[in-house]
Amino acid sequence: MKWGVLQFPGSCDERDALNACQLAGGGGPGQARLVWHEETDLSGLDGIVVPGGFSYGDYLRAGAIARFSPAMTAVAEFAANGGPVLGICNGFQVLCESGLLPGALLTNERTRFICRQGDLIVGESDSPFLAGLEAGSTISIPFKHQSGRFFAPPELLEQIESRGQVAFRYAPGQNPNGSLNDIAGVTNEAGNVLGLMPHPEHAVEAFSGSTDGLAIFQGPALAGAAS
Amino acid sequence: MSEQSPHRENSDVQSPHRELGLTDHEFELICEKMGREPNGVELAMFSLLWSEHCAYKHSRKLLKNLPTEGPRVVMGPGENAGAVDIGNGYSVAFKVESHNHPSAVEPFQGAATGVGGILRDVIALGARPIALLDSLRFGEPDTERTHYLVDGVVRGIGHYGNSMGIPTVGGEIYFEPPYEQNPLVNAMCVGLARTDEMVRAAAAGAGNKVVLFGSLTGRDGIGGASVLASAELDEGDDAKRPTVQIGDPFEESKLLECCQELLAEDLLVSLQDLGAAGLTSSAGEMASAGGTGIDIDVGLVPLREADMEPFEIMVSESQERMLAVVEPSKVDAVLALCTKWQTASAVIGEVTDSGTFRILKNGETVGEIEVEDLVDGCPLYDLEPEEPAEWTYPNRETIAADAAVLNIPESDRAIAVAIDGNGRRVACDPFQGTVEATLECAANLATVGAEPLGVTNCLNFGNPEKPGVAWQLGRAVEGLAAACRALEAPVVGGNVSLYNETPQGPIYPTPVVGMVGELPDPTRVAGRPWQDGDAIALIGPFDPSLAGSELEKQRGQLSKGLPAHEIAPIKDAISLVRDAVRTGAVRTATDVSDGGVVTALAELAISSGIGCEAGLDPVIARRECDPEDALFGEGPGGFILAGDKAELEKLGGQGVDFELIGQVTGNEVIAAAGESRVEILVDEARAAFESLEERIESDQAGLTH
Amino acid sequence: MIQARILIRPKEGILDAQGKAVEAALPALGFEGVGHVRVGRIVELEAESIDRLEELCEKLLANPLIEDYEIETIG
Amino acid sequence: MIQARILIRPKEGILDAQGKAVEAALPALGFEGVGHVRVGRIVELEAESIDRLEELCEKLLANPLIEDYEIETIG
Ligand SMILES: Nc1ncnc2c1ncn2[C@@H]1O[C@H](COP(=O)(O)OP(=O)(O)O)[C@@H](O)[C@H]1O
Ligand SMILES: [Mg+2]
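Chains as they are written, first to last, in the working numbering: chain A, 1 to 227; chain B, 1 to 705; chain C, 1 to 75; chain D, 1 to 75.
Don't read these hints as lab results, they were simulated from the structure. Even for Gly, the Cβ is constructed at its ideal location relative to N, Cα and C. There could be a bad hint or two in this list.
[What the hints assert, rightly or not] Heads up, incomplete: computed chain D residues facing chain B, CB under 8 Å, no partners named: (1) G13; (2) I14; (3) L15; (4) L26; (5) P27; (6) G30; (7) G33; (8) I50.
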């Protein structure tokens, strides 16, 4: 499985995402490459990561400018064709802004940047990214953001819930930002696009204290093998 | 904003050079060197490069005494940052820098641009920043001003670092009255570079092009030099001359990636960030370091505001800019990469062999100075030190941290970083206090199994023209030199911030020492919490005394002088602890610092949730000290270790003082010494510790960005 | 050339974290009798024509899911 | 009760990082002919009187060193 990791001006977690993709594939640099935001040719790639960071400085609104990049047009097409797309933190914001995922991310309830390790409960979504995770189980990965409060108007929220699009919830009592229904990550209806605020790519090596994030990157290959 | 003296001599008399902070003598010297009077552009340039901040007039002579060489040093003082080799083709670059005055004026932007500035110094070497540390000093925690400053500074540091994806991994913060009006904001950046891609700042090769890239140049930080503004600008136009710079981490993030790519493709001869005094200092210093001349055409500088005058362009301190020397054949490739990274760029001049710094405007010369006169011509002043007979500082709170560990898979090892400096102890005894700060850094590194590779420092002092401050500064540098020599840890860079005074008096003399070390195995760091039943040992030539201690401060009776200690046995203790941590013989290790043994025990208890019972009578017997000294006394050279008793006992009898003092147990911290006994519930200790956060919480909403 | 001023506000009913933060800070600063604080963005720009401003707002300046906008033009 | 609208903008000459980034992004989004973009904040609130609004701006809402503010009241 070959991954492409998008790089916008202002991205900053793309290297860790690259590393996570490579580890998920068993190591080796051939398994992932950076995709410059002006690129439009995603051929040869089997999965896309829209990484964290501060694309365009998060100016105006997090993700608002990056979603107009040529690469995002290509990603939309890639997603429409069923390709797995993972948005992490700023990447989640970009995917919401571009309409690939439902909802929006607002400034944390307490307006402050948060940064700590926390627990997520895996949802019931039918998504390739969850292929290696059991619904209801807990994973521990870093929370690190200032605009991570998931919001959707009531009807949309109801839809997201009823269609099983909630991929991750903050563990009880750990909602760090005021997200509705403790939502930490959602998928599109088809399940092939996943966005989440916390950072699985920072939890893939024993040194960092948790390797729980790796399963998310391993999911699509597992799902592919199973189908 | 540069950190020039806020207190200028003879500023009452109207005269441009005086208003710009040059003394009459300095102005005469300039005229003599030039053989004429400088014009406005030249005067502006001289005034900044001959300022304390750029010329190190009062500290350069002292700094010559620091040990700067060692087998692992890749870059030392004189470069944008220091760097040490960590093997496998990689080096670690690091530096600490102050942004005290700007943070006092506008805490959020002051601190943010301070972080931006230190990041650029590391980026300029070709390194990718991987961590930030900070060392902060404020007034007492309960005042409105402290709340305002802490809120702004902490958000400012976080904003800039977070937006670049660079974690703040450590630091220290003290609350003491002398910093009430003049807070200290020192930031340290650690970066990783491929040694063969690193680049120096020296210009070279007549005919090579000078490329400016990054943010547009605006009227930021022109401050003092605005006295040179042309007559058309009257009072009402003050708003056109902003002095507060705004940090733009987005721009810096692009700059970082751009620099990394430029160097990876080997497109640059040299690279330099623009800091204080903007183009003037960066271009001047590049030419000086390379022994070349340089031509800069201000007409070619990409501007944020159209109608800027040449002097404004030359001294603007707009943030997020870099200057590179590029071979002519590579210019197009450089500009193309800048465009790729959406950052403004332009060829603005050329390296020459004239030895002259020439300023042109659209081809016409508007200023001409010998590089040497500008960069090295400033008179260096001898200090007139005098030990004050009596000194007074208003007198209180500290929290401190051990070293942070960063894994470096690229070089197959890990590094550790620490930053320390206790101004109160330096005030008591500048030499001994600075020795202690340096030893504490090394001790912190030892607790994670790391060995020092190099040192950086920031010397925050008052007005060096005052004999008492001069004496403090001189003694502190001697202490730094002595400790670094003994530790065989070269000083590879640093920064000096003087004139930290307000009408209420000077700050505590505050040398802040930053240290980088290496360790073989990041999983063996003795940072784990202690466990029920562990034995506790006190190790090292720790000879506790209340002089300059936290307890003494609480009692408001700060003494003069600290007990002297030999460095060699302390170094032995540090080595023994480091080796014990590396072999995994101890579970938990911390050095004894602020608040003495009781505080060290309480901190370990808080972090693990388990109490302890300790008896300090062996300490009293060995040191012949009072119970209170044993409990709360401070001094260098002490470590608290915890772990398996048999393993700990092996550390005895190795030439380093060693006592078993107790064990881990229960939910109380109990320490007995002679007739004295301290008992506190772990939960109570934690509540007390955490209450600090509430005490410094701002009443403000933290709205502005 | 026209000058436009675009006001962007959090939609009614959405928790405005910044507005709340301001409200919470008011009593400590001694400001009684101030309430209903909402914080938004203002974007000022020059455009050749007004025609595409709405599109600009919908697409970039505001997120219609969470924000309302209002365009004022001068000149 | 009065309704106040406070417009807060970066001072003339002070770097407006947001405005600059938005302006730079516009051409790529197909918006030509738009320029001089400046981004600020708008704070709307209800107050019992107009008396202390200026003080409120100085102390909390704006940063007078780097921002200008303008108070408009309705009612
Ligand atoms: N206290 C110090 N100890 C060692 N080196 C120092 C000290 N202060 C300044 N230096 C060195 O002097 C040079 C100039 O410092 P500075 O003006 O802060 O550089 P820059 O303009 O790049 O920020 C640097 O190489 C710095 O490392
Ligand atoms: Mg520099």
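Next item on the list: Classify the hint on G33 of chain D as holds or violated, based on whether any CB of chain B lies nearer than 8 Å to its CB.
Entry: 20 Å, violated
Next item on the list: Identify whether the interface hint at P27 of chain D stands, where standing means a beta carbon of chain B within less than 8 Å of its own.
Entry: 11 Å, violated
Note to self: Can you verify the interface hint for I14 of chain D: is its Cβ closer than 8 Å to any Cβ in chain B?
What the structure shows: 5 Å, holds
Margin query: Holds or violated: the hint that L15 of chain D contacts chain B, with Cβ atoms closer than 8 Å.
Written below: 4 Å, holds
Item checked: Minimum beta-carbon distance criterion (8 Å), I50 of chain D to chain B -> 21 Å, violated
Margin query: Hint G30 of chain D vs chain B: min CB-CB distance below 8 Å?
Written below: 17 Å, violated
Check: If you take the shortest Cβ to Cβ gap from L26 of chain D to chain B, is it below 8 Å?
Finding: 13 Å, violated
Item checked: Hint check, G13 of chain D versus chain B [nearest Cβ-Cβ separation less than 8 Å] -> Holds. Min distance 5 Å.
Checked against the numbered hints above, the structure breaks hints 4, 5, 6, 7, 8 and satisfies the rest.
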